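Visitor: In case you want the letters, here they are:
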Amino acid sequence: MAGKLSGKYCIVGIGETEYSRGSGRTTRAMGAEAIRNAMNDAGLKPEDVDGMMSYHGGDSTPSTAIQYDLGLRPNFYMDCSGGGSSTEALVGLAVGAIEGGMCDTVAIFRSMNGYSQIRIGGTGVRAASGITGPELFRRPYGLISAVQTFAFTFTRHMMEYGVTSEQLAHIKVAHSNHASNNPKALMKQRVTVEDVMNSRWIIRPCAHLLDCCLETDNATCIIVTSAERAKDLKQKPIFILGVQGRGTKPGGDFHYQHGPISRVAGHYVGPRVFDVAGVKHDDVDVTGCYDAFTYTTLLQFEDYGWCEKGEGKDYVTSGIINLGGKRPNNTSGGHLCEGYTHGMNMVIENVRQLRGTIDDYCPDWKEGKHTYDYSEGKCRQVKDAEISMNMGWGTPAVGSAMIMRR
Amino acid sequence: MPVYEYRGQSINISENDSEYLGYFEAAREHRLVVKKCLDCGLLRGEPGPGCPWCTSLGWEWHEVSGKGTIYSYQIVAHTVVPAFRDWAPFPIVLVELDEQSGQPNPGDGLRLTANLLDGNMEPENEENVAIGRRVEVVYMDGEDGFTLPQFKLSNEPPRDQVWRYQT
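Note that the protein sequences, when read in sequence, are chains Z and B.
Residues 34 to 439 in the numbering used here are what the first sequence spells out, letter by letter.
Residues 3 to 169 in the numbering used here are what the second sequence spells out, letter by letter.
Calculated from the structure, these hints are not laboratory results.
Please read all numbers here as calculations on a predicted model, not as lab measurements.
Backbone N, C-alpha and C define an ideal beta-carbon position, used for all residues, glycine too.
Mixed in with the good hints there might be a few duds.
A partial selection of chain B residues facing chain Z, derived with a Cβ cut-off under 8 Å [what the hints assert, rightly or not]:
| # | residue |
| --- | --- |
| 1 | C42 |
| 2 | G47 |
| 3 | S74 |
| 4 | R113 |
| 5 | W165 |
| 6 | T169 |
Please put together the full structure from these sequences, using the hints given.
Guide: Put into structure tokens, the structure is as follows:
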């Protein structure tokens, strides 16, 4: 049964900067642009946006700086520490803040020079910092990057379920095909399974270079308000049916102490989000399954119940996740190809899918006119997409999910 | 304990570090310890302040055998840490200690991260790294007094199936 706030709030504005490797400007400048773009998209003036939220890993700019840049005066703001899977959870918290009367309209943003300044892969600043606390059990052994943090889960899963590198590569291939129809994507080139297999190893046996997402400079923004308020705004509102997370596995940061370590947080988040949204798997037309690495996508498909445990390798090679397939995934190219944003671009993509205004190479995409020709350099709009689901990944132990309807 | 340097990295263990200080003090004496709950008696692999099973905040350090099994692994082909470049490719293993394996719940275990080293305290050959292989603790003593517990393959035969991915 759907939750009591299901469908009462919606996303009315989305905004992005360019996805680049070398923005040449601050996270403040990019954040201001992304929020301004989302306000313009929604048709909102500065006095209309009275809530701000953001998440960061010590690599962004506070709301209270950017409010000045755009002439906002929040009745509510909150900047929290977070990474992947924060986007969906913050949408849920924005709904709560509005429902509780703390504010009326919330701009949620993420801004990061994830390539040119602080890199999630650990290169540079992070590798040079002193080692203390729980890091004492990891970094003295050379374990610092995100893929390394997840790799024990990946390798163990390969053993338990017989997953191969070739099967993982299909995820990159699908997302690269999608990205070839996305003018914004950082990596638009279509790749083959062989290209992935021939790219250099980062971590054996679970990650070649092309299994890893693209560290990117960018900012992104989503604006949430009530269905009532949305009636006066520029865009067709996209209704929030349900949000769950950030939910965790037993053990949290120390989840390797508890088995099965090949299970991820979606096991716990999934049943709750379908319940609160009041929809079933088969109702969903398009997914945004977090692809920090090809393996994160595969694991979440299993634990969110798109297939049986251990059959993720079949799900990702079946064609279901491709444009033109039954339920395409990450139609923008996702983190693997469009750019790494800590999850927000995957929600933005699904908002566009549900609006019917995917910004592809179709000449009249702004009017929602699409060819549905998914060959290279053409269309990436899913026909008649009505319901979408996002599955955010923080770590194997941390995830969030959100289901939306047009 | 002061600030140490290990492979070009700064290791900072403060005097009030109630989680990790005792672990590294024991390592300097070549003892491997975990925390033991004073109430329910269960051990825990992450030396946190509370017992994950009974919530008791009472604990003591408890010496373990240092014997275990490789539970998962990764071969670091590309490292972002400059001081590890001369080691790459090198293995990092998740070791399940013999004590309390599969307890209190199936799938639970005391699991530690370490490098798998050979007899010369250099990274073990990749072909020898496999889930299921038996290992034992060794201690890497630094010149400035910092000792890092590591693991090496033991002579014991594996107790279960051995698996490594054929790349």
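Visitor: Taking each numbered hint in turn, which are not upheld by the structure, reported in ascending numerical order?
Guide: 1
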